[in-house]
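J.: Now for the letters of each chain:
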Amino acid sequence: MMELHRFPGGIHPDEQKAQSAARPIHAAFVPKKLVVPLRQHIGQPAKPVVQVGEHVLKGQMIAEADGYVSVAIHAPSSGTVTDIGLAAVPHPSGLPDLCITIATDGKDEWMARTPVDWRNTDPAALRGHVRDMGIVGLGGAVFPSSIKLDPAGNPPIHTLVLNGGECEPWITCDDRLMRECAEDILEGARIMQHLLGASRVIAGIEDNKPEAIAAMRAAAQKLGLAVEVAAMPTIYPGGGGKQITKTLTGLDTPSGGRTTDVGVQVFNMGTSYALARAILHGEPLISRIVTVTGHVLRPQNYEVLIGTPMRELLLRAGERDGTTGIIMGGPMMGFDVPNPDVPVVKSTNCVLAKSAELFPPKPRELPCIRCTQCVPVCPAELQPQQLYWFARAKDLGKAQEYHLFDCIECGCCSYVCPSHIPLVDYYRFAKSEIWAREKEKRLADTARDRHEFRLFRQEREKKEKAERLAAKAQTKKAEAPVLSTPEQDAKQKLIQEALARAQAKKAAVSPKNVDNLSPVKQAEIAEIEARRAKIRAIAKQPVEPEQP
Amino acid sequence: MLTAILVMAGIAVAVGAVLGFAALRYKVEGDPLVEKIDAILPQTQCGQCGFPGCRPYAEAIAKGEADINLCPPGGEEGVKKLAELLGVEPKPLDESHGVQKPKSVAFIDESLCIGCTLCIQACPVDAILGAAKQMHTIIAAECTGCELCVAPCPVDCISMVPLKEDVGNWKWKYPVFKLKQVA
Chain Y
36 MMELHRFPGG IHPDEQKAQS AARPIHAAFV PKKLVVPLRQ HIGQPAKPVV
86 QVGEHVLKGQ MIAEADGYVS VAIHAPSSGT VTDIGLAAVP HPSGLPDLCI
136 TIATDGKDEW MARTPVDWRN TDPAALRGHV RDMGIVGLGG AVFPSSIKLD
186 PAGNPPIHTL VLNGGECEPW ITCDDRLMRE CAEDILEGAR IMQHLLGASR
236 VIAGIEDNKP EAIAAMRAAA QKLGLAVEVA AMPTIYPGGG GKQITKTLTG
286 LDTPSGGRTT DVGVQVFNMG TSYALARAIL HGEPLISRIV TVTGHVLRPQ
336 NYEVLIGTPM RELLLRAGER DGTTGIIMGG PMMGFDVPNP DVPVVKSTNC
386 VLAKSAELFP PKPRELPCIR CTQCVPVCPA ELQPQQLYWF ARAKDLGKAQ
436 EYHLFDCIEC GCCSYVCPSH IPLVDYYRFA KSEIWAREKE KRLADTARDR
486 HEFRLFRQER EKKEKAERLA AKAQTKKAEA PVLSTPEQDA KQKLIQEALA
536 RAQAKKAAVS PKNVDNLSPV KQAEIAEIEA RRAKIRAIAK QPVEPEQP
Chain L
200 MLTAILVMAG IAVAVGAVLG FAALRYKVEG DPLVEKIDAI LPQTQCGQCG
250 FPGCRPYAEA IAKGEADINL CPPGGEEGVK KLAELLGVEP KPLDESHGVQ
300 KPKSVAFIDE SLCIGCTLCI QACPVDAILG AAKQMHTIIA AECTGCELCV
350 APCPVDCISM VPLKEDVGNW KWKYPVFKLK QVA
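Chains as they are written, first to last, in this note's numbering: chain Y, 36 to 583; chain L, 200 to 382.
One or more of the hints may lead you astray.
[To be verified] Selected chain Y positions facing chain L (Cβ under 10 Å, derived; list incomplete):
| no. | residue |
| --- | --- |
| 1 | 72 |
| 2 | 121 |
| 3 | 130 |
| 4 | 465 |
| 5 | 471 |
The hints are simulated quantities; they were obtained by calculation from the structure and are not laboratory data. In this text the structure is predicted, and so the values were computed from the model without any measurement. Where a beta carbon is used, it is the ideal one built from N, C-alpha and C, also for glycine.
With the rest of the complex left out, here is chain L (with noise of 0.2 Å):
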């Protein structure tokens, strides 16, 4: 009887060395289910779901404070996927937040631009190169399209440039019937 109790008291204190072991050893860091999140969101950093930033939201959504239909650059697409991932009902763009737009960058008017440095810290990937007094530039490359510099503009000399087709970005499309009209 005493040996039984011995054995079974040795076993729960190895296991449960074991586990603590692992526990500590295969921590995870961070919550894994909010990087998820993040990853299918656009990282545009442009606010419009109510959060200051993608990572934010991921937050909110993973604690289901938040929807996943505010996020206008993701698109319906973006909802489909995180409803995928977190295995609920697709639903369709919370229009409140704004509407998808195509991707654009910035634009800054040169001629116009008085260095005022308001769309520099404006932006949130730093992608405005400029300094007090000297006239700032986009990096077309590290926009993102948030469209966050415009407002702040005092002579409005930011618009956004939607994004043309060609010949280095062109994709070959679906291919589709042509329909031939009989008499």
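Chain Y with its partners taken away, still in its complex shape (with noise of 0.2 Å):
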């Protein structure tokens, strides 16, 4: 039995596990349509690479990596493209993203499957391998996996972490997924282990899920692989990256480092399932376990084609009156979606039906009494009620100083808060505000670089054209004194001569039309001059305003 260690904080809510876990993972089903949002993970959006009107077969990709951080998207299911466009999507802030639309056409037919045999690819190609096949990890971050199984780092990653924490209440996917699939999750381990060149392999499992430890146990027997199974106790937030960390190898993750700045890189069990089934079977990253629970007849795990609309998962698993919205995730870390038609994306852990019962409405906000309560459950080590005190004061500075970027927005702040504020929202808050602060100063940086920039072009064009005339100019002058001939002498002196004349010629003549007029023209002509002095008298007179 392997030594286990206590990270600082957490706190015990109410499980409610045992409605989802008792009842196998049900199979997937195709929906007649499919929502697939081209930004599911952390970095760049996917470029589509399909046309609407386009037939696409089951794990074709759709939308390729878009620079390093980003990874592929994948058609789940065979169908035609009937849109690329807004629309919504499972996002806090509720507003639509771009998304490829497709109807599928039932036969559910996949493309070709090509199995990679990975112990003698090149690491560097096998981590674009992985991008392509879109795994992100599917704990809730989303990051890509190709970026995490990079050991470039310092220092080299001795141990993997495979996370079977799940310490959300009311989800199970995990579990499921570990008591059903355990030989697929360690197979995706070793793939990882030889990736990283970690010499250790430990899966961390919470004590309240006995049938997964089981499983996994009997799994690596069976592989004969060296994964030491360990029970942690059940505390939330055990299942974060640090805080499994600390328990599994008894190592503290510096203040604004990752886990991997003390040789550990975690991943999810979903993760390394999903990297085993894109390795070793040659298929994407087009489905993932769900959880649908909460206020719903038959809650039970269910394998979900990536862009099933989150209704369709209601319907099946019965869906029940008084149900008051559906929250993406656990109740602790999870966000309201905006509306039940939002699709299932990778990061999709749990479908939470809620109603007014299971959550009631939070009480009214009330003041900060500086109780501390907050402090002992930080698993952070943060001092929250300060960095509420500085969010809530806009002093983004302080904020940071008290190391807000620490914050893994956990919730367990919130949870035992006697004044029911909502912390977390504090915190996320000053964050964004904070990274948006960051990227205007970096586009004005920009801006400025850019401005500078023209102005020493303009400066040197302006140099450049003064330095090309002044050089024209020398070689017309070294070129002029050729130009002078006695034959051009002659030419010019004719010219001078011919204009002299022709000045002459015009002193002598003097216009003859008003010359020798008859009396009659003579008077039309001070007649006209006449009307002409008159007009020009009215012109000079102001003009007198409108009678109405």
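Build the complex from these two chains, which are given one at a time in their own frames, with help from the hints.
T.: In structure tokens:
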């Protein structure tokens, strides 16, 4: 039995896992319409590579990774692309985002699947393949796995942790996956270990999942893998990356750092499973296990195609009257989706139907009384009451000084707050405000650089032009004496003489059309002149205002 | 007596040498105050303040020749930051130089563009791509929204499009109480 350590803080919320954990995973079904968002991972959204009207096969890449921090997106089932445009997505903002909509044909026809011989593949190429298979962390952060599998960092990775904590209440998708697909999970872990060069693999599972622990141990024995399966005490948020690292290895992640800074890389069980499916079976990440629970008749885990509307899941699990909304994720860290038609995405581990009984509206927020009950429960050892103070006062600099960015938004502080203050909302506000300002600053710096370069360029062009003109003048001067031949001089002289003659002639002749006029003509001219003078006089008078 | 004078003179020479060396070694290039002011200005380079760009305005503020409330893109917040830096009282934005607008980027209606390059010459950050008698387009990521390209366009094909909030640039809102109406 390995030695376990205790991370600071944590709480024991009501587990609510029994409802959905008892039933096996329901096989995937194909809905009529799949709405696949292009931004399902951290980083750049994927770039579409299909067109409206195109027929796609199950598993076909429909959008490619755009840059290093990005992954590809695949068609979850065969059908026709009907739309590439804005559609509702599960996002706390409730704003629509770019999605590819596929009308399925019901055939669920796979494209050609090719397994990869990962032992004899160049690691960089293998990581590229992982990216093109759309693999991201399925624990909730959806960070591209290809980047996490790169051991280039310092220090080298000595331990690979398989995260089976699943500490959030209600959620049981990893529990069921471990019970039913333990071997695939461990096959994935084998590939991860190969890529990372880790000497040790530990699977950390909270002790409220004894069946999963037993299944994982049996699978490890069967495959002959040296995976240590540890039963961890059930404490929320024991499944956080830094927390599970502390529990299993005793290593503390430095402030502002990652677990890789202490040589530990953490992957979710679902990610390991998805990796095994991708490498060993050639199946890209097009489905995941989702816990459908809460205010439904038959809470259960489903294998769900990415892009399936959440409403379909509620219908299958038995929608009940009095559903007041859907939370994506758990009650601690999840968020309300804007409407039940939003699709399941790679980060959807749970679809939690709300009702007034299960999730009564939060009592009114009261002033902070500085009781500091939030301090001992904070797993990041922060001072939530101070952070709240600074975030509320929009004193962002001070909030950063108090390590705002070490906050993992687990919600323990809000859970214990006797004043029911939505503390995490304040931290999220402060974080996104700081990010926005940093981005603005970067843009301003770019604008300054570009403006300065433009000024420099204009100056340079002016100088170059002046130099060119000077050089031209120089050559002209040099050429000038060559032009002045006696022949030319003679020509010039002739021109001068002709001009002089013309001048003399002009002076001698005067216009004749007003000479020797008859008196009649003279009178006519005088009359015209008089008329002109009169008009001029009228024009000079100020304009009279019009009579009403 | 003489020794004392010599010692004092020696110290003076030594200290003078150190100071002289330090003045040369740690010489500050440019005016640090201008840099600090320039860092606060939004770098829109729009010239609404009456100076040809943000840096000239920063220099004018540093010299005390310009007021701190002439920059509409910086808004009230910018004025406040400048006031804090310079230790003066913040004041409302001078609206004779324009009002603060939501951040926008220019957009060229490419079906109308005749390829005259006038907008390219006007753009202070070289954010317009094109050549004579070729269609032009805005590099949206580089556009500061200064509007300097709008006026020179002979066919009025440039419009300013306010930046819309999307999933990529969305920010968590400041938590607010939802007031419940009671009877």
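J.: None of the hints should be skipped; say for each whether it holds.
T.: For each hint, the structure was consulted:
1. Given hint, residue 72 of chain Y at the interface with chain L, holds; its Cβ is 9 Å from that chain's nearest Cβ, closer than 10 Å.
2. With a least beta-carbon distance of about 9 Å to chain L, the hint placing residue 121 of chain Y at the interface is held under the 10 Å criterion.
3. With a cut of 10 Å, the hint placing residue 130 of chain Y at the interface with chain L holds, because the nearest CB-to-CB distance is about 5 Å.
4. Taken as an interface hint, residue 465 of chain Y checks out: its beta carbon lies about 8 Å from the nearest beta carbon of chain L, inside 10 Å.
5. Proximity of residue 471 of chain Y to chain L holds as hinted, the smallest CB-CB distance being about 5 Å (cut-off 10 Å).
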